[in-house]
Amino acid sequence: MEISVHFYSYLKELTGCARTVETLAADTTVGVLHDQLMEKFPKLTAMKKSTLISVGVEYQPRDYVLHDGEEVSLFPPVQGG
Amino acid sequence: MEISVHFYSYLKELTGCARTVETLAADTTVGVLHDQLMEKFPKLTAMKKSTLISVGVEYQPRDYVLHDGEEVSLFPPVQGG
Amino acid sequence: MLNTSLVNRHLTITTEPIDEGALLCARTMSVGMGAVVYFLGVVRGNEDGKTISAIEYEAFEKMVTHQFNVLFAEMEKRWPIESVRLVHRIGVVKVNEPSLWVEVIAPHRGEAFAACQWLIDGMKRVVPIWKKPVA
Amino acid sequence: MLNTSLVNRHLTITTEPIDEGALLCARTMSVGMGAVVYFLGVVRGNEDGKTISAIEYEAFEKMVTHQFNVLFAEMEKRWPIESVRLVHRIGVVKVNEPSLWVEVIAPHRGEAFAACQWLIDGMKRVVPIWKKPVA
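Protein chains in written order, with our numbering: chain A, 12 to 92; chain B, 12 to 92; chain C, 2 to 136; chain D, 2 to 136.
No wet-lab data here; the hints were simulated from the structure. Bear in mind the structure is a predicted one, so any value in this text is a computation, not a measurement. Treat the hints with caution; some may be incorrect.
Unchecked claim - Subject to a maximum C-alpha distance of 30 Å in a straight line, what follows is the list of computed DSS-like cross-link-like pairs (lysine-lysine):
(1) C:K78 with B:K51
(2) D:K133 with C:K78
(3) B:K23 with C:K78
(4) D:K125 with A:K23
(5) B:K23 with C:K133
(6) A:K51 with D:K132
(7) B:K60 with C:K132
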């Protein structure tokens with residue numbers, strides 16, 4: 012399945028791109044996708060602990076099972092206000 | 012000595028007047044003045060515990076010793092806002 | 002009490018309606034300030050379960066001014082505020098109209114919220130203003 | 002999320018300056034309401050000890066809207082508020098200009114202060130907006 016991944020704030024600067032498309036086996040989890048992204052963009056590894064991950068507009072844990080066509084976003088801690 | 016006494020809010024309704032002048036012996040305390048006022052205006056007695064007393068613009072305790080010409084105010088708990 | 006602090010203090014006790022727009026226009030704040038907290042107390046349509054049309058506020062004005070200045074001085078010791086402005090309306094204030102407007106400006110949010118709430122709590126403890134519901 | 006509550010909810014995410022005067026004019030409150038709490042977050046002239054001229058705010062807008070609505074719904078369960086209005090500016094916001102405006106209206110002061118502070122704390126936890134200082 013294909014999953015579109017968006018990067019925000021300084022994660023975008025670390026990867027050098029705002030968006031990538033990953034091809035994954037069925038039933039891949041958010042955690043496995045994150046590991047795969049850190050292999051592809053090694054600079055993401057330093058931010059591993061503080062990275063927040065959403066699927067669509069909801070936060071999801073590492074064991075969330077992805078579905079074809081879902082949009083995943085990775086970003087650092089939020090700082091509104 | 013002469014002490015001018017002002018009543019505010021519903022203490023004014025209980026006494027029926029906004030102001031009275033009391034003639035007191037030297038070194039009379041706020042507490043003694045309050046007792047004398049409750050004798051003169053018995054309806055004040057019911058409010059004894061909750062009555063606040065200021066001399067000029069400062070709150071003073073019952074043992075504060077009054078001086079000639081000072082202005083005393085008696086009023087119920089405040090309710091601004 | 003002389004205001005010897007560098008804090009912008011503004012206190013108005015008035016029988017006129019509170020003009021939020023004008024108060025807003027008169028606000029000044031320096032580049033170090035990050036938080037403005039603003040409170041408006043409005044007369045509600047019922048008091049102790051009874052429907053009312055207004056509240057009449059009575060004040061012992063000379064003492065009101067003094068006690069507010071004591072509170073301002075204490076607040077300025079506790080929090081690094083740059084500005085405190087307070088307007089309290091007295092006389093008859095109709096339902097749905099504001100009787101109190103307070104604004105506190107400080108570098109950070111927590112300070113501004115804490116100082117503003119402390120000031121209102123202090124006012125309700127020591128500032129000689131009283132209410133009488135109008136039927 | 003559909004807003005099925007009777008609460009007046011207003012959310013704006015905008016690159017335009019925040020117009021407090023216009024927001025003030027658009028306020029409505031019923032006769033049962035006694036408290037308006039209003040917060041303004043303003044860009045300060047230094048960030049982490051460095052002098053800056055502005056902050057650039059980036060937002061994941063679709064998620065921002067959703068997460069604010071989740072916070073509003075939770076807030077309305079916890080406190081009897083009648084109205085919550087929030088404006089967050091994005092893009093470049095100059096020093097001394099507001100980036101955030103929040104207003105909460107409730108029957109009593111304590112509820113309005115608690116709800117307003119809870120909303121801002123919640124925003125800083127879950128709403129995907131990020132800052133970048135501009136030198």
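Hints and how they fare:
{"no.": "1", "hint": "C:K78 with B:K51", "result": "44 Å, violated"}
{"no.": "2", "hint": "D:K133 with C:K78", "result": "33 Å, violated"}
{"no.": "3", "hint": "B:K23 with C:K78", "result": "37 Å, violated"}
{"no.": "4", "hint": "D:K125 with A:K23", "result": "20 Å, holds"}
{"no.": "5", "hint": "B:K23 with C:K133", "result": "13 Å, holds"}
{"no.": "6", "hint": "A:K51 with D:K132", "result": "26 Å, holds"}
{"no.": "7", "hint": "B:K60 with C:K132", "result": "20 Å, holds"}
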